[in-house]
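First to last, the sequence lines map onto chains B and V. Using this note's numbering, read the first sequence as starting at 1 and increasing by one per residue. Using this note's numbering, read the second sequence as starting at 1 and increasing by one per residue.
Watch out, some of these pointers could steer you wrong.
Okay, the calculated bits of chain V under chain B, using three or more residues with CB under 8 Å as the criterion [said to hold, decoys possible]:
hint, stretch
1, 217 to 225
2, 316 to 322
If we take Cβ atoms under 10 Å as the criterion, some of the chain V residues that face chain B in the derived model are [what the hints assert, rightly or not]:
hint, residue
3, F77
4, G165
5, S276
6, L280
7, V283
8, L312
Each computed SDA-like pair below joins lysine to any residue, with the alpha-carbon atoms no more than 20 Å apart [what the hints assert, rightly or not]:
hint, chain 1, residue 1, chain 2, residue 2
9, V, K219, B, L93
10, V, K219, V, G229
11, V, K219, B, L301
12, V, K219, B, A89
13, V, K219, V, G132
14, V, K219, V, L233
15, V, K219, V, A231
16, V, K219, V, A194
17, V, K219, V, T138
18, V, K219, V, G208
19, V, K219, V, S209
20, V, K219, B, R90
Hint data in this document are derived by calculation from the structure and do not stem from the laboratory. Bear in mind the structure is a predicted one, so any value in this text is a computation, not a measurement. Think of the CB as a built atom: it goes at the ideal place given N, C-alpha and C, for glycine as much as any other residue.
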Amino acid sequence: MSTLLIEQILNGLQYGAMLFLLASGLTLIFGIMGVINLTHGSFYMVGAFCAAHAATATGSFAAAILAALVGAGLYGLIMELVVIRRLYARDHLDQVLATFGMILFTNELVTVVFGRTPPFMDIPDFLSGTVQLLPDLSYPVVRLSFILVGALVAIGLWALITRTRIGMLIRAGADDRSMVDALGVDIRRLFSLVFALGAVLCGLAGVMTAPLLAVEIGMGERILITTFVVIVVGGVGSVRGALIGALLVGMVDSLGRAYIPITLYDLLPPEIASTLAAGLVSASIYVLMAVILLVRPRGLLPARG
Amino acid sequence: MSTMLSATTTGGATGPGAASRRLLVHIIAFVIFAGVPLFAALVGEPFMISLFTRFLIYAVAAVSLDLVMGYGALISFGHAAFFGLGGYVVGIVAHHGAETGTLFGIATSNSALIIWPVAVVLSAVLALIIGGLSLRTTGVQFIMITLAFGQMVYFLLVSLEVYGGDDGLLIGQRNSLPLIDTADPVSFYYLCLAVLALWLGFCWRLVGSRFGMVLRGLKQNQRRAVNLGFAPLPHRLAAFVISGAGTGLAGVLWANYALYVSPDMAAWSKSGEFMSIVILGGVGTLFGPVIGAAVFLGLEQILAIWTEHWMLVMGPVLVAVVLFARRGLYGFLVGDRSHD
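All chains, please: the whole structure from these sequences, using the hints.
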């Protein structure tokens, strides 16, 4: 295998790991509470902003992580208590509109609180540098460690959902909400918990993005739409589906970025190829989603049959 | 007799009082819209005409969206794609007209009578493709796949470097029409008003027709409608295509109004805005989205003057509308139970 291919696969894994952090929360929230939560991307943005500002203020990466997790988690919890909670019984249209409104609000709130200048976050010292993976391939430590974090979260979530009482309640809630309620479980508290957990995972994804990409207003919406692609591809409501979808979308995006332009330049005159390549690269994951939905309208691994 | 009476009373809006109240709302709204240029001239605020032209154009798009959202229960999150396509047809023809005078070897024209129908037909074709594929799914998957198709169109427009890419295209002049001077703001305003009125009338007839009844039947109880012998897909697809064509028409008007098109016309936030307008005005009311467009854009304008952080207010307003005013502004104006 060529070095380029291995490098792109690793990039795909890293992007997929980050997408999984966002998608697992979103898919649980949809699967259990039946809420389409467009503000999910906003928690990620809040996390990234908190991380970048905490890192600038204290110079400590640990502080950045803490700030992102607490900031995103807290904002998510407040959002659930004030708005989302009232949307459980509503139809999808109401949920889409209300959470769309909250995106506008959050974007503006972040501008007011953190200012208009995009914050900048350095890669911490112990994560900077590269590892020599192959004789001719060195890969950044920071990206490798993010892949590792993603894998750990996936294992942790799997353990939480299949091995604990909370996880059992989450699964039961996804199957039959009213039955869980009737059995005396405080379903509202369970919902708040899952929602906050989803927001905390968004915060973690925010920390993992802040040193690599620009921290700016609008980053939440961009990633949100990709996250929706992930959960729709994987099958709405299932964490396993979110994992498969995240890896698939991560790979398609990363390999598409590398190989679509190369292939097109071989086949077409340069001026046409450059235009087409840019469009196809950005649209590749949407094409993937459209194809998968056409073959399997409920996604690859839907939660319920 | 008594059953008939109770049917009319439980229907709420079907009583004579509600009907006349609805008619009154329509007449007042029409008089306001028709009188805008006169009022603007009286108070010396020509800016008002421009603002109200925007209301009308967005209303055309919102009425079209309401057709699928309110009557077909198809929550399309990608309608901005048609808005963008309609606009770009105008922009691209104008671009080639200004540079070489030909497009695909055919001499370009600036006549609205040629360009507008072409743009509307192309929007309908795009809607046929997107709808044909998306309607294989339902519920949240439908919302997401329409969003995905919308994003595809958006990225396609961004990647069109020939047509300005991210920056979009400036358009030299409005498309020409016989007898009407489209460059004159007042004439253009009345043209938009006429388009809206005709489109509204057409949609009104459509939802009241057998086709519209089937569409609503499918929305209320698909299984029953299917067992009565109605196929869901052709009806829904037809509604989606008509709706896409109408939204494309709005895009055409917008390109002519702003003399500028950019990929933002097809951005997902534009789809969100259209949805917000429909819900604000009242889903499934056709006339409601017209009021919704005026209030949404008007509020945006007022808040933007008041504070640069206007979205800090607009966001919660949308949430409040969803939570507390379930039938939208139209429902509030004509009586709460009025509908359809």
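Quick rundown of the hints versus the structure:
1. 217 to 225: With 0 residues close enough to chain B, the hint is violated.
2. 316 to 322: holds (count 6)
3. F77: At 7 Å from the nearest chain B Cβ, F77/V passes the 10 Å test, so the hint holds.
4. G165: This interface hint holds because 8 Å falls under the 10 Å limit.
5. S276: Holds: closest Cβ of chain B sits about 6 Å from S276/V, inside 10 Å.
6. L280: Status holds, d = 9 Å.
7. V283: At 7 Å from the nearest chain B Cβ, V283/V passes the 10 Å test, so the hint holds.
8. L312: holds, 4 Å
9. K219/V / L93/B: holds, 14 Å
10. K219/V / G229/V: holds, 15 Å
11. K219/V / L301/B: violated, 28 Å
12. K219/V / A89/B: holds, 19 Å
13. K219/V / G132/V: Holds, at roughly 18 Å.
14. K219/V / L233/V: Holds. K219/V to L233/V sits at ~12 Å (cutoff 20 Å).
15. K219/V / A231/V: holds, 12 Å
16. K219/V / A194/V: The given pair, whose Cα atoms are some 31 Å apart, is violated under the 20 Å limit.
17. K219/V / T138/V: holds, 12 Å
18. K219/V / G208/V: holds, 15 Å
19. K219/V / S209/V: The given pair, whose Cα atoms are some 15 Å apart, holds under the 20 Å limit.
20. K219/V / R90/B: With Cα atoms ~17 Å apart, K219/V and R90/B stay inside 20 Å; holds.
In summary, the numbered hints that this structure violates are 1, 11 and 16.
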